[in-house]
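Based on these hints, arrange chain B on the given structure of chain A.
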Amino acid sequence: MAYEVDGQEIATDEEGYITNLGEWTPELGAVIAKAEEVDMTDEHWAVVNFLRDYYEEYQIAPAVRVLIKSIKKSMGPEVGNNKYMYELFPYGPAKQACKIAGLPKPTGCV
Amino acid sequence: MTDGVKKFLYVNRKAPYGTIYALESLEVVLIGAAFDLDVSLAFLDDGVFQLVKSQDTKEIGVKNFSPTFRALGDYEVTKLYVEKESLAERGLTAEDLQEITYEDEDDDYAEKPSLIFVSRAEMADVMGDQDVVLSF
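Chains A and B are the protein sequences, given in the same order. All the letters of the first sequence, read from the start, carry residue numbers 1 to 110 under the working numbering. All the letters of the second sequence, read from the start, carry residue numbers 1 to 136 under the working numbering.
Just chain B, same shape as in the assembly:
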């Protein structure tokens, strides 16, 4: 990482619908991506539900914004940390989440996974390593 580029972590702790936090977080990430920052996202507690695949919001009358996570690679946001304990506590596994990848420009546009599964202890290290942590 280049010196002087600030490391921003957006922490997502809430379920995708019912409150506006999840959508607002994603919008801030997309807007913030225009600046020269090293951006990562963290998903823990109910926040892991945001990444569950095949979401269907028809019955609750709100937009399903989960496909937008797959666009993050285009915005050079390629590190989405997911806490393993939060998944397990909710009966979820990695297979329940949608696949999110990015194209690595420095590696002949190879498709690489954006989701990084970490333990609670590792997540603490990820947070400790940031210049700015924004919690949603």
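In isolation and in its complexed conformation, chain A is listed as follows:
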């Protein structure tokens, strides 16, 4: 499986996570989101950007519990709750949002 951005092929693993994290661009994020059938809104991007910042700082993708707690703190309880986050990313906020953000699958995610 691979994504295509501007004629460039981006390699992924068998689950669709890109293999070279350095290849990510917002354009690629949009392409992955489309493949995931997620309609990206500002809130989707805020979560994706949060994940990228978290990874940059700590070198891990946070577990979903940690993600929701942190989003609640930074963006308020209207966004940072289980129900809303699953509405944004139906296949799991950590799993699906990480894929769109070009990060590895969160540790402990099966």
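Please keep in mind that the hints were generated in silico from the structure rather than gathered at the bench. Some clues are possibly wrong.
Claimed, not checked - 25 Å max Cα-Cα, derived DSS-like pairs, lysine-lysine: (1) A:K95 to A:K72; (2) B:K6 to A:K69; (3) B:K58 to A:K105; (4) A:K69 to B:K79; (5) B:K14 to B:K79; (6) A:K73 to B:K79; (7) A:K83 to A:K34.
The following block gives chain B in isolation, referenced to the frame of chain A:
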């Protein structure tokens, strides 16, 4: 501590790179943090090198995972015991280690240090106090 919550201690004795022990230990801690356990980490022998600040792994071609220790607070892992004798034997002091803190939810999210420096004798007490000790 609530009764019935098991106390888990992960003991880290090896240098961060060269073997997979240190990284595996940290991954197990992160995965285990999803369960309702009272988790602590211990760093002794060469394990204290895992916490040294400003690690640079470029030349050895592996990922520098030391920043991940600073995420442990988010996983409610807030007790990292460091053995003073192990530091001294390696010419290290507390200033050589990276700062690791957590936000105390019960105290208006005040930032508190996660590193607890203990003597060898105190470390023995910490170990004796656990339900489960896992050594890496």
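In rising order, the numbers of the hints this structure does not comply with: none
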